[in-house]
Structures are given as structure tokens and as C-alpha cells.
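Peer 1: Sequence:
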Amino acid sequence: MTTASDTRTAVDPTTQHRIEQFLYREAELLDDQRFQEWLELFSEDVHYWLPTRVTRTVRERNLEVAGPDGAAFFDDDKTFLRGRVRRLTSGRSWSEEPPSRTRRLITNIRPVELADGTFEVRANFHVLRSRAERHHDTFFGERTDLLRRLPDEPGFQVARRKIVLDTTTLLAPSISVFL
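So in numbering that gives the first Met the number 0, spot 111 of the sequence shown is number 110, and the numbers just go up one at a time.
Possibly wrong hints are sitting among the right ones.
Just the calculated beta-carbon pair ranges, DEER-fashion [said to hold, decoys possible]: (1) Thr88 / Arg7: 31 to 39 Å; (2) Asp74 / Leu113: 19 to 27 Å; (3) Glu96 / Thr13: 39 to 47 Å.
Hint data in this document are derived by calculation from the structure and do not stem from the laboratory.
Ideal Cβ placement from N, Cα and C applies to all residues, glycine included.
Just need the whole structure built from these sequences, with the hints factored in.
Peer 2: Here you go:
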């Protein structure tokens with residue numbers, strides 16, 4: 000049964016373009032290490048979440064990604080995001096001193112408008128993290144964002160982000176960059 004809040008509508012090409020440009024701009028801010036500006040893209044009630052993933056059989060595939068009460072690499076609100084940004088920019092974060100170089104590729108952006116006027120946006124990503132001279136990490140996965148329109152602008156704010164990595168084993172020594 001579909002309720003009014005479950006109603007999903009395809010977006011028009013102009014809205015699709017605006018959402019894509021918003022996500023590309025966000026990636027640019029992170030790659031340029033403009034973390035304070037990046038933080039402004041998130042609502043005060045944001046939920047920024049990277050649950051863990053385990054390999055399951057076909058019958059149990061719906062249990063692959065941890066649920067809201069399960070394990071997570073991070074499960075942050077705006078206060079925690081501010082703290083992570085403060086730590087990254089302090090020069091005292093051992094995993095980011097000297098800072099990593101990153102490149103984010105955002106692709107297959109699939110937005111739908113929900114009945115309440117927000118947008119659920121699924122997108123694939125690839126993040127390359129290069130550290131020091133020889134260390135490289137890659138992260139592949141899918142993000143599902145809830146975007147709200149800003150009232151006085153054509154822009155958006157991220158109210159929720161769920162990040163699901165394609166891998167079940169984290170080979171990187173840390174996830175000290177934002178995905």
C-alpha cells in the first residue's frame with residue numbers, strides 16, 4: 000500500500016540539472032578542502048550515516064547493510080560533522096596531516112520528488128584518496144540523500160545521507176575523508 004508520503008514523482012530536466020550541479024559543487028568543495036563551505040550544505044537536523052555491510056546469501060540479501068540500530072563506520076549529526084571538520088582543519092588529525100588529496104566522481108544521479116516536496120537522490124560515487132607519496136585508497140558505493148529546497152534560493156540542503164560502500168572489508172587504514 001502506498002501512502003501520500005511514499006509518493007515519488009520523476010523530476011523535470013531543470014530540477015535534475017540543478018540537483019546534479021549541487022552534488023558536483025559539493026564534490027568540488029571537498030576536493031578543494033573547503034570544509035566550512037561544505038558544512039553549510041547540510042541542514043541543522045542532518046543525519047550522515049555510513050552503515051557497515053556484510054556478505055549474505057541470496058535469501059538474506061536484505062540483511063547485507065546494517066539497519067538503524069546496527070553497526071556503522073559513522074552515524075553523525077551536524078554537531079559531529081562540525082567536530083570532524085574542526086579536527087580536519089586543526090592540523091592535529093594524525094590521519095590527515097599532511098592532508099590527503101582526494102578526487103570525487105559522482106555519477107548515475109537518480110532523483111525523485113517526494114510528496115512533501117523533498118527529493119530523494121540516489122547517486123553512485125568513487126572517491127580516490129592519495130596520501131603522502133605512495134598510499135592510495137579507493138571507495139566505491141552508493142549514496143542516498145534527502146535534499147530540501149532552500150526557501151529563498153534555487154539551491155538545496157542535505158537533510159540525510161546514507162552511504163553504502165560496495166566492499167564489505169575496509170582495506171583503508173581509516174575513513175578520514177568525507178564520502
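Peer 1: So, for every hint listed, does it hold in this structure?
Peer 2: Evaluated hints:
1. Thr88 / Arg7: 31 to 39 Å: The hint (31 to 39 Å, Cβ to Cβ) holds, given that threonine 88 and arginine 7 are roughly 38 Å apart.
2. Asp74 / Leu113: 19 to 27 Å: At roughly 23 Å between Cβ atoms, leucine 113 and aspartate 74 fall inside 19 to 27 Å, so the hint holds.
3. Glu96 / Thr13: 39 to 47 Å: Check passed, 43 Å falls within 39 to 47 Å.
Checked against the numbered hints given earlier, the structure satisfies every one of them.
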